[in-house]
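There are 2 protein chains.
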Amino acid sequence: MSDIATALAGAIGADRVVTGGDAFERHRIDYWVLANLRAREGRLGPPPACVVRPRSTAEVQAVVRTAQQHGVAIVPYGGGSGVLGGAVAPGGAIVVDLTAMDALLDVNDLALTATAQAGLLGGEYERRIQARGYTTAHWPQSIDLASLGGLVATRSAGQFSTRYGNIEDLLLGLEAVLPSGEIVRVPAFPRSSTGPDLRQVFLGSEGTLGIVTEVTLKVFPLPEQRVFGSWAFPSMAAGLEAIRRFVRAGWRPPVVRLYDAVETARTFSQWAPEHSHLLLVVSEGPMAMVEAELTAVAAAAGDAVDCGPAPTGHWMEHRNQVPSWDFFFEKKMIVDTIEIAATWDKVTPLYDGVVSALHGVPGMVAASAHSSHSYLNGTNLYVTFAIFPPDFAKAEAGYLDAWTRVMETTMRLGGTIAHHHGIGRLRAPWLVQELGSAYPVLLALKRALDPANLMNPGALIAPR
Amino acid sequence: MSDIATALAGAIGADRVVTGGDAFERHRIDYWVLANLRAREGRLGPPPACVVRPRSTAEVQAVVRTAQQHGVAIVPYGGGSGVLGGAVAPGGAIVVDLTAMDALLDVNDLALTATAQAGLLGGEYERRIQARGYTTAHWPQSIDLASLGGLVATRSAGQFSTRYGNIEDLLLGLEAVLPSGEIVRVPAFPRSSTGPDLRQVFLGSEGTLGIVTEVTLKVFPLPEQRVFGSWAFPSMAAGLEAIRRFVRAGWRPPVVRLYDAVETARTFSQWAPEHSHLLLVVSEGPMAMVEAELTAVAAAAGDAVDCGPAPTGHWMEHRNQVPSWDFFFEKKMIVDTIEIAATWDKVTPLYDGVVSALHGVPGMVAASAHSSHSYLNGTNLYVTFAIFPPDFAKAEAGYLDAWTRVMETTMRLGGTIAHHHGIGRLRAPWLVQELGSAYPVLLALKRALDPANLMNPGALIAPR
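Top line first, the protein sequences correspond to chains B and X. Residue 1082 in the working numbering sits at position 124 of the first sequence; the count goes up by one each step and never skips. Residue 1400 in the working numbering sits at position 442 of the second sequence; the count goes up by one each step and never skips.
It is worth saying that the hints were derived from the structure and are not from the lab. The beta-carbon is built from N, C-alpha and C at its ideal position, and this holds for glycine as well. Be aware that one or more of the hints could be misleading.
Residues on chain X that point at chain B, a partial pick, calculated with CB under 7 angstroms [claimed, not checked]:
#1 Leu1068
#2 Gly1153
#3 Leu1156
#4 Ala1299
#5 Gly1336
#6 Gly1380
#7 Glu1392
#8 Leu1407
#9 Pro1409
Far from chain X, some chain B residues (derived; all Cβ distances over 10 angstroms) [said to hold, decoys possible]:
#10 Met959
#11 Pro1005
#12 Ala1207
#13 Val1263
#14 Leu1371
The task is simple: from the sequences and hints, build the whole structure.
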């Protein structure tokens, strides 16, 4: 064992420290396609020193303090579902796997809050609170793989966000271990004006400013009614315009998803007309709310083709099924998704711009997008691309070409480069331009809390 | 002129620097009752060096850089409507009055955003965007007195918050001048996951981390319909329970205000039964939404007495009228309000606790509260007290006794000490306990951005 592994074994117990074997190997990468490709091809960099599995906040604190004493980097690791390399540890680092901290600590039936340890996976958390009659109303596609702390650390969005908001709207309180080893607790209040909201330091911090160890989230009573609808539009622009109209009028159906013609044909051809762009809507809540809402959505859809509830029901059933990366690698393909967002005035040109830019990549066989999270002011685009590289040995270059085109096109057309997957290691170089004059504020925050740069170095903030 | 005034005159023009006269005197205090009492009694501390009135972000930058060169403190000053002394400058400081920066820069009809300079007052901003068919949906009682930058810097809440959210939900982008003099711009996106949300550094910063110079806010189309209702309950607990029920079911009427029996008798005795606690509700939006919402509210009100639309209409007309502090001083009284909040499980004991604690202050002639901002997880209490001190020369001691009782009772009963007025100078000593283990994070942020502690020293962060 390395010095640091020995020290950590002394601090929290040898049984909590893993330095080899399958579990160790699994923690060398997360769900980033490029890390998976490199692993498959034996091209990963030097391994981390060890994986530790603390059982308590005190043990996380002991790990952080030990790391500080030894000047060794720390990478927090939740469910490993990040898709941007945020949890891909640099050589020699300590990977802190939080999934042994998976207790549901409290459910408050009056305050409508639940408190859990940060390593609890989202799907298991949802099952436990559903048994109490509640839902978290936060349904990222990764719900069964992602830890609650990871959802907070990456600024996650859920499929029901148009009504319930995203993780920053759902997180009421938290506990975190700072890079110094100090424990910070922010209690759950309905709302405060007690200076800057300190939860925000950790929301989106991706392990660079501390380790989230406990979260208190809103819970919602399970809805009385849930009703599905779908409408087919002749263009993305027409579908986006319909969403903009009903959102502008004040309606917020939980699920609002508009697929372009490529994705509609791929998944919903059974129900939608050829070449159409399909809008799926889920409304839920008291029946009076659902009825009024769906009537308003139908009115905003105008002369779009009503395709009934079936496509939305199909999506609800299959929404979290995705093929493995290996499935594509074996076909000599590389596939990924990129989520961006823009205000309503910019989103249609952005859609056209990124799809068109992707088609310039050699071997690009499909480039498409859907909008899946709508707001008063705009919406996101969830872009999917598939490359069948002329030479698969050069797949990585094509992949980076695709990402570069989308990032640069997004910034040129006034969008934001990340809607809900975060920054990780892949997007870090582009964050400098995205934040622009505000980037030094992020750097100041980082230096203030982690002067030795030991917390997840390379993620979020690109090395100089 | 002092050296600093001369230097500032050189930097931005002598006509922008005020060192005496009525305008100067007015800027020595804000709307904090104690500052007004001290001014009336000639007990203010040493005066600031000067008041400057920059016309542009570049001039704000020049002021900040000049202040840094001379090591002189800076206090940003908007409309002067803060009620906690946040803008009461220490002796020798530079007061930066931002109200000359009052341009509405842009209204985007598709993105539903408006961008304005931070010195524009809220009421004038609302009139200008209403002329374009929009509302900001942010109606603090101080709307005609408060600047947009001040609303951001204090984490303001508006009377229509239960539907539309508070300033942190409405602010999409901003520009600020950092203590270093650097200009930071955060553009308006519907939502991003690009690291910690850097707008949050300035929301609630009360001038201690920079000067907000421009804001981009959501705007909402003027509502199709607006309908009023009111119901009288036998107790605060019963009224709070009704609110909790309809909010839990998913309804969010913009205005939800529950007055205790003291306040109901004071303002609504014409309509409400004796000893009752009156709930006012405003619903607005598409007619179908309004109808469904008011039906649900009425159902949640159960067997409360329906008092019809008139009391709510009365409140809408008179809601921003408040007597001057002098009106009370002349009666030898001191009066103030304290806004706190708690989750639903804690709010009724908190109401009982603070009202009871206030009655222990010698000369307390009235202590009452209403709830005016409700959330899924809880609500606020807007406490009003009136002291007729046995000896008016000791009014300040009685006032501080009242505040101390409410702050300590609130923390003991699990509430938050500030719902929407911020911290200022009055609450700063209690913020240490309120934030607890998170307080060092605020201090780290302060040291990182303002190492010389020149930005509004004494506000938000209490001197050691």
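Hints versus structure:
1. Using the Cβ-Cβ criterion of 7 angstroms, the hint placing Leu1068 of chain X at the interface with chain B is satisfied: the shortest such distance is roughly 4 angstroms.
2. For the restraint placing Gly1153 of chain X at the interface with chain B, the shortest Cβ-Cβ distance is roughly 5 angstroms, inside the 7 angstroms limit, so the hint holds.
3. Taking 7 angstroms as the C-beta contact cut-off toward chain B, the hint placing Leu1156 of chain X at the interface holds, the least distance being around 5 angstroms.
4. Because the smallest distance between the Cβ of Ala1299 of chain X and any Cβ of chain B comes to about 5 angstroms, under 7 angstroms, the interface hint for this residue holds.
5. Residue-level restraint check for Gly1336 of chain X holds (minimum Cβ-Cβ distance to chain B is 4 angstroms; threshold 7 angstroms).
6. With a least beta-carbon distance of about 5 angstroms to chain B, the hint placing Gly1380 of chain X at the interface is held under the 7 angstroms criterion.
7. Of the supplied interface hints, the one on Glu1392 of chain X holds, with its beta-carbon coming within about 6 angstroms of a beta-carbon of chain B, less than 7 angstroms.
8. Checking Leu1407 of chain X against chain B: minimum C-beta separation of about 6 angstroms stays under 7 angstroms; hint holds.
9. Look at Pro1409 of chain X: its Cβ only gets to about 10 angstroms from chain B, farther than 7 angstroms, so that hint breaks.
10. Listed as a non-interface residue, Met959 of chain B keeps its Cβ farther than 10 angstroms from every Cβ of chain X; the least gap is roughly 33 angstroms.
11. Listed as outside the interface, Pro1005 of chain B is consistent with that label: its C-beta sits roughly 27 angstroms from the nearest C-beta of chain X, beyond the 10 angstroms cut-off.
12. For Ala1207 of chain B, the non-interface assignment is contradicted: its Cβ lies about 6 angstroms from the closest Cβ of chain X, within the 10 angstroms cut-off.
13. Against chain X, the non-interface label of Val1263 of chain B holds: every CB pair exceeds 10 angstroms, the least being about 23 angstroms.
14. At the 10 angstroms boundary, the C-beta of Leu1371 of chain B stays outside the reach of chain X, the nearest C-beta of that chain being 12 angstroms off.
The structure is inconsistent with the numbered hints 9, 12, although it conforms to all the rest.
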